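Student: Next come the chains, spelled out residue by residue.
There are 2 protein chains.
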Amino acid sequence: MKKISENRAFGGVQGVYSHDAQSTGCEMTFGLYLPPQAARGPVPVLWYLSGLTCTHENAMVKAGAQEHAARRGLALVFPDTSPRGADVADDEAFDLGQGAGFYVNATQAPWAAHFQMWDYVTEELPRVLFNNFPLDEEAQAITGHSMGGHGALTMAMRLPGRFASVSAFSPITHPTASDWGRKQFAAYLGADAAAWSDHDATLLMQTHGFDGEVLVDQGTADQFLDLLMPEALAQAMTASRQPGTFRMQAGYDHSYFFVSTFMASHIRFHARALRR
Amino acid sequence: MKKISENRAFGGVQGVYSHDAQSTGCEMTFGLYLPPQAARGPVPVLWYLSGLTCTHENAMVKAGAQEHAARRGLALVFPDTSPRGADVADDEAFDLGQGAGFYVNATQAPWAAHFQMWDYVTEELPRVLFNNFPLDEEAQAITGHSMGGHGALTMAMRLPGRFASVSAFSPITHPTASDWGRKQFAAYLGADAAAWSDHDATLLMQTHGFDGEVLVDQGTADQFLDLLMPEALAQAMTASRQPGTFRMQAGYDHSYFFVSTFMASHIRFHARALRR
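Chains A and B supply the protein sequences, listed in that same order. Sequential numbering from -8 applies to the first sequence in my numbering. Sequential numbering from -8 applies to the second sequence in my numbering.
The following block holds chain A by itself, in its conformation from the complex:
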């Protein structure tokens, strides 16, 4: 593991590190914020999964999360959104290939060689983190924005017991029925839509649900409402009697101004689930 940078922030340390990842077959970079409380022992972890075009850096510098994480004693993990590099497959579109891993394990050429983001985020990166930093593996929660909200919701539902709580900012809720999903799943997972349902939060809400509280925020002025389909997840959450909250926030769009506005509320939500 290589240290890229460490900056003091809100009494803790915002670090950026890279490592040679086996799952994705390339060097992966991640951000990790350790709050001041980490100096005294392991702290709970809130995962933040980012959206299309993002790297580990966007949320780390624009979401304003560290202030609230420091207050509650939570670490924050900011993984990258895909494998990277000259020898990693890519596409000209911003929503396929590098920067658009969609948190799945690709089975199709040319993507399968590197695009194993499900395994990377759920298996390999956790081992790197828990082996190297003062983090409490028994106290994890997860959130994300847009494509990352999709990742957070699907991981939380498919890994019962791992996360105490899950939240999402303007998540892609129903990718098997959206152009943000069908295109990517066809490329990464193949044309057979049967392989897609494990990666659709609305379908997973109907079949699995989440064994804790769910919080979702969605802006009413979001320019991508047709692709995000918030109504699908809201319907599924209520129909399955999922404990949780779905908020439509008047006038907010898809930007990080929206994410940062409600970050304090999400961190409070997770801190409560983690008993902090």
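Just so you know, these hints were derived from the structure itself, not from any lab. Any given hint might turn out to be false.
Pairs count within a copy or across copies, as identical chains cannot be separated in the list.
[Stated by the list, open to error] Lysine-lysine pairs mimicking DSSO-like chemistry, simulated, CA-CA at most 30 Å apart:
#	residue 1	residue 2
1	K(-7)	K53
2	K53	K174
3	K(-6)	K53
4	K174	K(-7)
5	K(-6)	K174
Here the structure is a predicted model, which is why all the values come from computation and not from measurement.
Guided by the hints, dock chain B onto chain A, whose structure is given.
Tutor: Frame of chain A, contents of chain B only:
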């Protein structure tokens, strides 16, 4: 005036606008955050002047200021740091020319044609703001980072009565004695150092002082301490019995992680001076 973008943020609106500026002879872009309270009438204004290489955008997306401004009912103004454009003089160095206006009115070729940032920030932009937005001209405060801290301190001391309070994050404190200053003042203002003293916070502190409270934060791990010379301003503040606070913050560097960490404290400081 053209609207570039408006995003809802913390109940208010983060806008970006541009206008043809007479003082700098080019189109200038600025950010303006209006807190929710602006819907009910004019609100106080906190100016934020940015540092070398920055545009109007850096602090707007990375300083985390909107959350605290919304709580206190302050507007935030984020001017650009220089004139811009293909016909505007520039230099290969990051610390001269575009992105490095140093908040002075240049008198020397080739800079004088456009580099009139003192007039732009203290005269022209205020007229644009107070004529077009619900802002209270009688309730202004000013802050800034690095080169912008220099700008904030020099404007506050040379325009008595305009600003209720002034603060700075890791400011360039003594440019007439630093390589961040001598090079630029020689280029913009000419070789005669007599013309420089109006733009040196340490010298102005000795001759003018500020008719209110001053707050300065400086990180002890700042990579530019030799250029910033915090000891010069701290000495001048105490020697001249200037009411105010100079804090050395252990372990913090020059980045926006430092700025955002202490933003809440600075906004609280200004809100108190503005009786909010």
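Student: Could you run down the list of hints and mark each one as holding or not?
Tutor: Here's how the hints hold up against the structure:
1. When the C-alpha separation of K(-7) and K53 is checked against a cutoff of 30 Å, the pair qualifies both within a copy, at 24 Å, and between copies, at 25 Å.
2. In this assembly of identical chains, the alpha carbons of K53 and K174 lie at most 30 Å apart only when taken from the same copy (29 Å versus 33 Å across copies).
3. Taking the shortest Cα distances, K(-6) and K53 sit within 30 Å of each other both inside one copy (21 Å) and across copies (22 Å).
4. Within a single copy, K174 and K(-7) get their C-alpha atoms no closer than 35 Å, and across copies no closer than 37 Å, so neither meets the 30 Å cut-off.
5. Taking the shortest Cα distances, K(-6) and K174 never come within 30 Å of each other, neither inside one copy (36 Å) nor across copies (35 Å).
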